[in-house]
Amino acid sequence: MASQFRSSLYRVGSVLLHPRQAFEVMVHEDVSIGLPLLLAAAIFFAEGALIVSAILRAIPLPLGFLIALAGPLAGLGCAVAGVLWLGIEALLFHVNTVLLGGEGDITRMFSVVAYSVLPVSIPLGAFALAVLTGGLGALGWLALGGMLWIAALLWGIVLRVIGTSVNYNVDAGRAFLAAVLIPLADLLFVVFLGKYGLVLILAAYGLAYYFTRVQRSRQRETSLVVEEGGEHEG
Amino acid sequence: MRAEEVVGLVIVGLVVFSIAASFVAPKLAPAELPEGLREIAESLGWAMENFTFTGAAGSRTVEIPVDQAANLILKVGAGEVSIESSGQGESVVVNVEGTGINIQGAVVNVGAGEVRVLLPEGFSFDSLTIDLGMGNLEGVIPLSGAGVATVDLGMGNADLALIPQGEDGTVSVSVQMGGIDVHGVQPVTQTENEFTGVLGSGEGFRLTINVGMGDVLVRVAKP
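Residue numbers (my numbering), protein chains in the order written: chain A, 1 to 234; chain B, 1001 to 1223.
Hints were generated in silico from the structure; no laboratory data involved.
Treat each hint with caution, since some may be false.
As the list claims (entries may be wrong) - Pairwise CB distance ranges, derived in the manner of DEER restraints:
#: 1; chain 1: A; residue 1: Gly135; chain 2: B; residue 2: Gln1186; range: 32 to 42 Å
#: 2; chain 1: B; residue 1: Gly1179; chain 2: A; residue 2: Phe211; range: 41 to 51 Å
#: 3; chain 1: A; residue 1: Val190; chain 2: B; residue 2: Gln1186; range: 53 to 63 Å
#: 4; chain 1: B; residue 1: Arg1002; chain 2: A; residue 2: Leu154; range: 17 to 27 Å
Predicted model, so just to flag it, every value in this text is computed and none were measured.
Idealized CB from N, CA, C, for every residue including glycine.
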């Protein structure tokens, strides 16, 4: 039990300190998705519960049964929504990378996006201290948490890019395109064009999938012809 | 212990700490609300009590004779209130659209909705009481020489033009959180949250405005 715990801690730490090596190990050793998913869900839970607790911390309300449950319920909602969101992200990155020529496993991609949430635990600690401190003293912790949150966001993006690159065996440029730029473009389309943007995105993905298949089947035909030509010469 | 294990332990520790903090934090709430927030909460509490779905819903138009309307009471839980000078007719017309409508004489109760008061030419209030829990208040208040107008607004903005019939009077405005802008009177006391100004001797008409959260603009016309 203790060695399993230490090995889990080692996995978490190695993702943050040596992400490329850690993800390569995951690809080769087929590691379970349970640990990153549990940690990501716990982080989302803490975020939701802290927001509600921050409000309750400032406004005294009779701590009735319902009020006492408000924080945990909000946390639970956030955890469920967060995990669903990770699933959508993993699917999106998977589709983007496959269309760009990568080959990989979507379950491992789910692990990657779940691990990329881990850096958020650092600013979360600062926010937790802000909530516990309360009053003017909280401002300093909030400011620190804000700065750390920006760093955590960037760190998470780096983890996503490295994880995508390793999982799908593509270069960093294509991984960045698949995991950052294309999803960002998708988001902007939906935000500014609404349902029409969504229709455009689906159409674009459909066309990209069609042309990718056509291109790959042509490539296969060309390589078959070259092989047969080589056999005849031989 | 390897560096990776230490980092892993820190991450797991921070997550556990954050979850624990979310459970502990509500128990650290102060015993009482700070004073500024208390008034807002009381006003909101009033607004919630008056936000009723009982009573009539829809729209109603009522004409109130001027002698009754001179002592008008408007109580609105949430919504918009406007007082305009229509310059027509011989009675005060009150248009209400919303829910929880209850109008008895010169007392207008609305749970939530829009209230429009149309004043005939030459009309002035002897006594006007406006209780608005949440929403905006705008319009004109013609006030008789000894008239008293009281506005209590929980959360929202007030933009009023006071038309006094007398040359002497007092305007008092108090805002817990927001701005105060009063024109046309001589300031007597002026702080971030309170304003008192007089016209002439200060005796005579009286306009009192209390706002929990919002901005107040009052223009006092020359009598």
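A quick look at each hint next to the structure:
Restraint check, Gly135 (chain A) to Gln1186 (chain B): a C-beta distance of roughly 40 Å satisfies the suggested window 32 to 42 Å. For Gly1179 (chain B) paired with Phe211 (chain A), a C-beta distance near 59 Å fails the hint of 41 to 51 Å. Between Val190 (chain A) and Gln1186 (chain B) the C-beta distance comes to about 57 Å, which sits within the given range of 53 to 63 Å. Against the hinted window of 17 to 27 Å, the Cβ-Cβ separation of Arg1002 (chain B) and Leu154 (chain A) comes to about 26 Å, which satisfies the hint.
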